[in-house]
Structures are given as C-alpha cells and as structure tokens.
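Student: Please build the complex by placing chain B on the supplied structure of chain A, with the hints as guidance.
Listed below are the residues making up each chain.
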Amino acid sequence: GNSVTQMEGPVTLSEEAFLTINCTYTATGYPSLFWYVQYPGEGLQLLLKATKADDKGSNKGFEATYRKETTSFHLEKGSVQVSDSAVYFCALSPSYGGSQGNLIFGKGTKLSVKP
Amino acid sequence: DTGVSQDPRHKITKRGQNVTFRCDPISEHNRLYWYRQTLGQGPEFLTYFQNEAQLEKSRLLSDRFSAERPKGSFSTLEIQRTEQGDSAMYLCASSPRYYGELFFGEGSRLTVL
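Sequence order for the protein chains is A and B. Quick note on this note's numbering: the first sequence kicks off at 7 and runs consecutively. Quick note on this note's numbering: the second sequence kicks off at 512 and runs consecutively.
Just chain A, with the same shape it has in the complex (with noise of 0.2 Å):
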C-alpha cells in the first residue's frame, strides 16, 4: 500500500543553522509529493509540492527534490529561522486507485529552532 515515513523528532536547531527533514515514501506508480507545515495554533498550510520525478519544490527558502529512484522527497533549508518552528509533516497523493487529494501523511516532524 501508499505509506510516507518521514524522521521523528524534535528537531531543535539554532538560528541560522542548516535543515533536513527525512521523508521516504512507498506507492505504486507515480504519486505526487508534498510538504506541510503546522504553525503553532494554526491550520496546515501547504509549503511546497512535487508531481514528477526530478522536480523541485521550493517556498520561503525551503525545498525539496523528488527523487523516483530513493523514493525520498526531503526537506531542507540553508538557514532556518525562530519563526520556522513548526511541525513539517511529509504527504503523498497517489497516482490511481483512490480520489485525488487524498493525501497520505507521515506523522510529522516537529521543529524548534533556538535563537
């Protein structure tokens, strides 16, 4: 079946510091990838997506490349930031057999960076 197993957290990280968020994925086909982010207190929102392999997405500094042949799509950020604390959950849309933008989540990844 489609599943999506992105790192455990936290994460704490100082200012400035570089990011990499995991996310590896099982699906049959070609599924399209996303990153979501959950601020404090707030509803997911979309950060960035990838419907091929070999893209990229890229959004507020961050990204991340679809990669067929690891089935991986991680997150990264040269210089993270206070106001990036968040939890960043990984998501798949399969390609067939079910309706489209039925995602399927990781369990999410929370990040604290320290100033």
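If you're looking for bench data, these hints aren't it; they were derived computationally from the structure. For every residue, glycine included, the Cβ atom is placed at its ideal position computed from N, Cα and C. Some clues are possibly wrong.
Calculated Cβ distances over 10 Å to all of chain A for the following chain B residues [said to hold, decoys possible]:
{"#": "1", "residue": "Thr513"}
{"#": "2", "residue": "Lys522"}
{"#": "3", "residue": "Lys525"}
{"#": "4", "residue": "Gln528"}
{"#": "5", "residue": "Val530"}
{"#": "6", "residue": "Ser577"}
{"#": "7", "residue": "Gly583"}
{"#": "8", "residue": "Gln595"}
{"#": "9", "residue": "Gly596"}
{"#": "10", "residue": "Leu602"}
One side of the interface only, derived from the structure: several residues of chain B facing chain A at Cβ under 10 Å [what the hints assert, rightly or not]:
{"#": "11", "residue": "Tyr546"}
{"#": "12", "residue": "Gln552"}
{"#": "13", "residue": "Gly553"}
{"#": "14", "residue": "Asp597"}
{"#": "15", "residue": "Glu612"}
{"#": "16", "residue": "Leu613"}
{"#": "17", "residue": "Phe614"}
{"#": "18", "residue": "Phe615"}
{"#": "19", "residue": "Glu617"}
Tutor: Below, chain B without anything else, positioned relative to chain A:
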C-alpha cells in the same frame, strides 16, 4: 480572503452522546475533505465530497460517522454514540479543481470523557 472555517473549535462530550461538526470551505472550492488527526500522528483521510456528492469514504469512517454536504457548500460531520477512541482533531480541507493541493481549516478538537 476567508479560509476554511470550522465550528466548534473544541467540543467536550460524554461517551454515548452525539456530536456534529461544521465546515465552511473556501467559496470557489468544489472539493471538500474530512481528516482525523490523533496526537503524534499525521492526518488520516476520512471522506471527500465533490460538490454535494460524497465520492469516497475511508474504512476509518465507521457506521457511527456520517458526513453531508447539502447544496455543495458547507459540510457537517456527525458522530453518533461517541466513544473515547473518537477523541481527536477533526480537520476539514477544501481544494479547487486542480490536483492535490488542500487548504485546511484549524480543526475541531473532540474530547470524549
């Protein structure tokens, strides 16, 4: 710019009672989704509507759960005879026609005592 709104934000109820949650999607979005999120887990898909038609239901949606979207606008999620295991955050999301991007509300937290 109004986003997805959910009501109530928090509901505390006793086991065996019925509860209903409401979701108002972004007005031009024709797809509406319900997800459930328990502590330490990612959201899990429950059901989805395209306009007023309920097109898919997860196996997580037992017969005590029912969702409606009359007239293709707001949606309600009702849980009958609540159990302690129903305690969770219930998330609503809507999307426009294109593939995959969901806009989430802040959720309705259910606590069953």
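Student: For every hint, state whether the structure bears it out.
Tutor: A quick look at each hint next to the structure:
1. Thr513: holds (13 Å)
2. Lys522: At about 17 Å from chain A, Lys522 of chain B clears the 10 Å cut-off, so the statement holds.
3. Lys525: holds (27 Å)
4. Gln528: holds (26 Å)
5. Val530: holds (20 Å)
6. Ser577: holds (18 Å)
7. Gly583: holds (16 Å)
8. Gln595: Answer for Gln595 of chain B: holds, closest chain A Cβ roughly 22 Å.
9. Gly596: holds (18 Å)
10. Leu602: violated (7 Å)
11. Tyr546: holds (8 Å)
12. Gln552: Holds, because the Cβ-Cβ distance from Gln552 of chain B to chain A comes to roughly 6 Å (cut-off 10 Å).
13. Gly553: Status holds, d = 3 Å.
14. Asp597: violated (19 Å)
15. Glu612: holds (5 Å)
16. Leu613: holds (6 Å)
17. Phe614: For Phe614 of chain B, the interface hint holds, since the closest Cβ of chain A sits about 8 Å away, which is under 10 Å.
18. Phe615: holds (4 Å)
19. Glu617: holds (4 Å)
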